[in-house]
Amino acid sequence: MEDFFRELAADYPRWNFIWMYEDRQQGKVLAGLWMTIKLSVLCLIFSVVIGLVGAWMQGARSAVTRAIVQGYIQFFRNTPPLVQLLFFYFALGQFTPVVAGEDGWTVEPIISNVGWAVISLSFFAGAFNVEIFRAGIEAVPESTVEASESLGFNRLQTYLYVVLPLAFRVCLPALNNNLVNLVKTTTQAYAIAVPELLYHSVSIWNDYPSAQYPTMLMLFVTYILLVGILVFGMSRWERSMKILGYGT
Amino acid sequence: MTWTADQPIVSIKKVHKSFGTLEVLKGVSLDVMKGEVICIIGPSGSGKSTLIRCINGLNDIQGGSITVEGQEVHTPDLDKLALRRKVGMVFQQYNLFPHKTALENVMMAPVKVLRQNKADVEARARALMKKVRLEGKEDSYPGELSGGQQQRVAIARSLAMNPDVMLFDEVTAALDPETVKEVLVTIKDLAAEGMTCILVTHEMGFAREVADHIYFTDRGVIVEHGPPATFFDEASDPRTQEFLGQIL
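Sequence lines, in order, name chains A and B. With the UniProt record's numbering, letter number 122 in the first sequence gets 122, and the count goes up by one each step, no holes. With the UniProt record's numbering, letter number 168 in the second sequence gets 168, and the count goes up by one each step, no holes.
Some hints could be false.
Calculated cross-link-like contacts (lysine-lysine; reagent style DSS-like; alpha-carbon spacing at most 27 Å) [what the hints assert, rightly or not]: (1) A:K242 - B:K100; (2) B:K80 - B:K112; (3) B:K13 - B:K34; (4) B:K118 - B:K130; (5) B:K130 - B:K188; (6) B:K130 - B:K86; (7) B:K118 - A:K242; (8) B:K118 - B:K131; (9) B:K181 - B:K34; (10) B:K112 - A:K242; (11) B:K118 - B:K86; (12) B:K137 - A:K242.
These aren't lab readings, by the way, just hints derived from the structure by calculation.
Please model the entire structure based on the sequences and the hints provided.
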């Protein structure tokens with residue numbers, strides 16, 4: 001296998017699949033892939049949590065609370081995620097406290113570039129999730145909510161046990177879409193030097209221009225697989241939650 | 001003032017209720033004693049449903065007072081949970097939780113709201129399912145049940161909270177004539193056991209048979225009331241006579 005790719009690179013100089021036979025480059029790809037997966041999973045979880053909390057706050061009695069959620073959505077939905085990343089890392093990053101580094105001499109910010117990427121991307125996708133969940137919540141009949149209130153459930157209990165489980169089923173397809181977009185948007189963390197898959201890929205083809213096409217190809221295939229796994233899991237979940245006589 | 005059983009369990013005094021500029025209730029008063037079954041009849045839009053929704057605080061009122069076991073319902077410091085433990089409500093559209101089985105629907109409020117022991121609640125819920133003649137349907141989802149069956153689950157769900165008063169809001173209006181009967185039999189059983197019941201209904205035969213007292217409402221006021229025998233046979237008000245003439 002390794003010999004095949006070595007010969008291929010010798011015969012066709014533009015098709016140097018270097019990470020198939022050189023351990024150091026392979027290590028970069030794997031490290032990048034691992035970082036991409038970690039980044040995606042963390043952002044997925046946080047963005048969904050932000051979406052749920054935001055949708056809950058949108059139903060608050062206080063007009064101030066609702067205005068804050070609305071402002072948050074407008075800011076994060078209407079500005080480019082790349083600009084948000086740069087702003088979080090370079091602008092807000094300046095104000096965060098620093099801690100002593102491992103060597104005891106240098107200082108490191110308490111939130112690393114990876115941390116900022118997670119925060120920024122989670123808020124970005126979270127803004128969309130709030131709206132997605134709101135649509136689902138609005139699809140839950142008012143009469144079902146009244147039945148729950150009549151049984152003594154308070155607002156939070158009604159939200160957790162009745163509204164959310166029903167809303168979730170309605171909004172899964174839209175949520176699906178947004179989460180797919182989120183996984184792909186993690187590549188933008190490259191801009192603040194988060195060592196994810198795109199970052200390492202660029203570093204590989206900067207060192208070995210002959211590996212550029214194969215590495216781009218690898219990027220496409222990897223993201224198709226990653227998103228494929230996500231979509232597969234989500235649609236199985238969607239099917240398992242299907243209720244007779246409700247929603248689609 | 002503590003409530004004792006010789007006082008009305010539900011006391012409605014000069015209640016006024018408007019939706020915007022539309023006045024729906026124009027000074028309605030009625031008293032219900034413990035163990036009594038009362039039926040509220042009248043044309044659509046006469047404020048029947050609104051009135052019973054005010055009893056458990058689903059609608060607010062603009063004037064007058066409603067007390068349940070001596071506790072004022074429309075006061076800012078109302079303990080809603082305490083009220084809703086006392087007052088059960090069954091709706092026209094059943095409003096079951098579609099993502100839960102019949103048994104889970106019945107168990108949910110006692111477990112989540114009252115935090116009662118799950119095994120105890122389950123035993124009670126199974127007994128209630130038997131009581132509403134739905135043995136064997138415990139694991140069915142609402143979507144798998146007929147309208148009449150769903151409505152009986154809804155009754156069992158309300159009873160699981162051990163209410164002192166049951167409100168029935170046109171509970172047979174969405175059912176076909178055959179299933180109407182099975183629901184009415186269930187309510188009749190309840191009434192026979194001494195449950196205080198307030199029903200809004202268009203089932204005149206049923207009202208005549210079960211009710212201790214009938215109230216006829218029209219355009220937001222109680223036009224006439226009395227025990228079924230006198231009410232149906234000796235109605236004195238022309239509006240009542242006209243209404244009864246059309247349906248009997």
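Here is what the structure says about each hint:
no.: 1; hint: A:K242 - B:K100; verdict: 12 Å, holds
no.: 2; hint: B:K80 - B:K112; verdict: 15 Å, holds
no.: 3; hint: B:K13 - B:K34; verdict: 17 Å, holds
no.: 4; hint: B:K118 - B:K130; verdict: 18 Å, holds
no.: 5; hint: B:K130 - B:K188; verdict: 15 Å, holds
no.: 6; hint: B:K130 - B:K86; verdict: 22 Å, holds
no.: 7; hint: B:K118 - A:K242; verdict: 26 Å, holds
no.: 8; hint: B:K118 - B:K131; verdict: 20 Å, holds
no.: 9; hint: B:K181 - B:K34; verdict: 25 Å, holds
no.: 10; hint: B:K112 - A:K242; verdict: 23 Å, holds
no.: 11; hint: B:K118 - B:K86; verdict: 21 Å, holds
no.: 12; hint: B:K137 - A:K242; verdict: 19 Å, holds
Violated hints are absent here; each numbered hint is respected by the structure.
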